[in-house]
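Visitor: Protein sequences appear in the order of chains X and G.
Remember, the numbering used here sits 58 above the position in the first sequence when you count from 1.
Remember, the numbering used here sits 58 above the position in the second sequence when you count from 1.
No lab work stands behind these hints, which were simulated from the structure alone.
Check before you lean on any hint, since a few could be wrong.
Copies of one chain are not kept apart here, so a pair can be met inside one copy or by any two copies together.
[What the hints assert, rightly or not] Straight line, CA to CA, 27 Å or less: simulated BS3-like cross-link-like pairs of lysine-lysine:
1. LYS216 <-> LYS95
2. LYS92 <-> LYS269
3. LYS269 <-> LYS378
4. LYS346 <-> LYS216
5. LYS379 <-> LYS74
These numbers come from a predicted model, not from an experiment.
There are 2 protein chains.
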Amino acid sequence: MCEKGYWIGFDLGGTKMLAAAYDENYSQLSREKKRTKALEGAEVVVERVLDTIRKVKSSCGREETELVGIGMAVPGTIDLETGVVLEAPNLGWENVPLRTILEEEFGCPVVLGNDVDCGVYGEYANGSARGACNVVGIFPGTGVGGGCVIDGMLLQGKRRTAMEIGHIPLYSGGPLDGAFREGTLETVASRLAISAASAQAVFRGAAPNLKKEVGTDLADIRSGILADSIRQGDKTVEKIVQHAVGYIGKAVVTLVHLFSPDRIVLGGGLVEAMPELFVEGTRRHAEKGVLKSFRGTYEIVAAELGDDAAIVGAAAWARKKAEQ
Amino acid sequence: MCEKGYWIGFDLGGTKMLAAAYDENYSQLSREKKRTKALEGAEVVVERVLDTIRKVKSSCGREETELVGIGMAVPGTIDLETGVVLEAPNLGWENVPLRTILEEEFGCPVVLGNDVDCGVYGEYANGSARGACNVVGIFPGTGVGGGCVIDGMLLQGKRRTAMEIGHIPLYSGGPLDGAFREGTLETVASRLAISAASAQAVFRGAAPNLKKEVGTDLADIRSGILADSIRQGDKTVEKIVQHAVGYIGKAVVTLVHLFSPDRIVLGGGLVEAMPELFVEGTRRHAEKGVLKSFRGTYEIVAAELGDDAAIVGAAAWARKKAEQ
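Just chain X, same shape as in the assembly:
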């Protein structure tokens, strides 16, 4: 089955959707991108998903019957048993039976996964975590997402996806995160948290380069702009990022002690914009924090696949599930 078939990986984001067909060597056969138009409602978005998959199918140069499976990366909570998207705030979705809809339309197995889980699985299947045994991924973005692969299997709960790294408590007290929790990784190390701290620095006059670029609106303070401001000499912004990296290191200590991974992948826009700062900094903090017997047992690397991580991973995960 795996010799001749192909798989489709799909990344359903809040602003854009991206899909591609892959053969058994992860060569891309076709690719399609569309705006999501989440504001037009779930029915419209689902129709756009179906249309995107149809286009990827028809342009991949393979027979209809060779499609082995579809993997869907979804930015939300999924009921893994029923294949229902329980809640996806960026899509405005609640209780959408996505798996059933797609399986009825395309007549092949459909596998849903959390978007960051799929991204980490992509890096494991064909990116910077290729060949590793136990992989943990940390992707700081709007929040902080995570994923874990153990012996080729994505770590998922029985009914819920796992690895909600952003909401693990790491310190006492402090500001609330997006889920009204104190002391979590997300409160310090998400892009939102870093942007908010940087906007305050702009307001105080402590980040002159950033001020020239964007001012105090944190929605404008994207990863690339933070990297530029540091490159141009905004020491305060650099310290804010280094402080965040310290907490990612602290989270890595937790993850190393729990999972004993051999590879840890850092990904997402912030890491792409400042790979050295994130990877080196996390490495330093982690080595200082882990127990002696864990030192040197893991590598920390930057993700390689960028925007394609989730589609590669969704396709690879659909393939893995079909092989079982």
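Could you slot chain G onto chain X? The hints should help.
Guide: Frame of chain X; chain G shown alone:
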């Protein structure tokens, strides 16, 4: 193979060693207990281990050839690839090639596991986590041990055992744990930490019943004695335990967010002595702390197997590994 064979599970503790033979239904065929005599050195202890296994074998009523595998629960760090016990402080061991020694002697596969990992696996195989899919175990003892089972497999790193729950950071600052770490679970929720806080309460005159029983020597303040003092009305001791339970609840929040387990097992002497306090308290704190979408997705239960958890689990894990 599994129809006719039997397995031996072995728990190598710092003060005693315990071994038993099990058939495929986890019925115990024979059982043997010895003092470890760790102070007499690794060679003596290994000889006692061999002797104990020989006795379990000869008294189990099965043929020599029916022994399918031996599982060894070891209180220390193990190199899983080489089967070498890297460090076991309670035994005074460093770099003991236990797997090779046993395989050469008994001519069957030998599997080594961390003692708490084996205990959690025992509860999964034939105890209070039977039938669950993803299991996480927390065993507060001298330190705080943990274990995790995912789809029938013990979570282990490629080279190191995992789930060092006692050393995950949960708060900022505070006293050092046994590995010189600040803010870890062990600093609040281990039996040592609880006993130390209780000994201080005795010293301050705030725990009259405990004072009558044992005084301020924390080595004397064992789990059963703590339970008695609470039962007799030492409110300060009760508060100390409740405070520890709050931190176990906080650790459960981390574990639920990372593993999405369907069952969480609390075990060890403290939990056996005060099951209600630990299970109910942890449940309350965890439900308050987890994200809404994880509420009600897991159960928290007390371990059932007591001292037998590790031998059942070691045997079951050897069996699982042999089946692969």
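Visitor: Decide, hint by hint, whether the structure agrees.
Guide: Going down the list of hints, with the structure as the test:
1. LYS216 <-> LYS95: Neither way: LYS216 and LYS95 sit 31 Å apart in one copy and 44 Å across, limit 27 Å.
2. LYS92 <-> LYS269: This pair counts as neither: shortest intra-copy Cα distance 34 Å, inter-copy 72 Å.
3. LYS269 <-> LYS378: Answer is neither: 48 Å inside a copy and 60 Å across each miss the 27 Å cutoff.
4. LYS346 <-> LYS216: between (35 Å within a copy, 21 Å between copies)
5. LYS379 <-> LYS74: So LYS379 and LYS74 pass the 27 Å test inside one copy only (26 Å; across, 45 Å).
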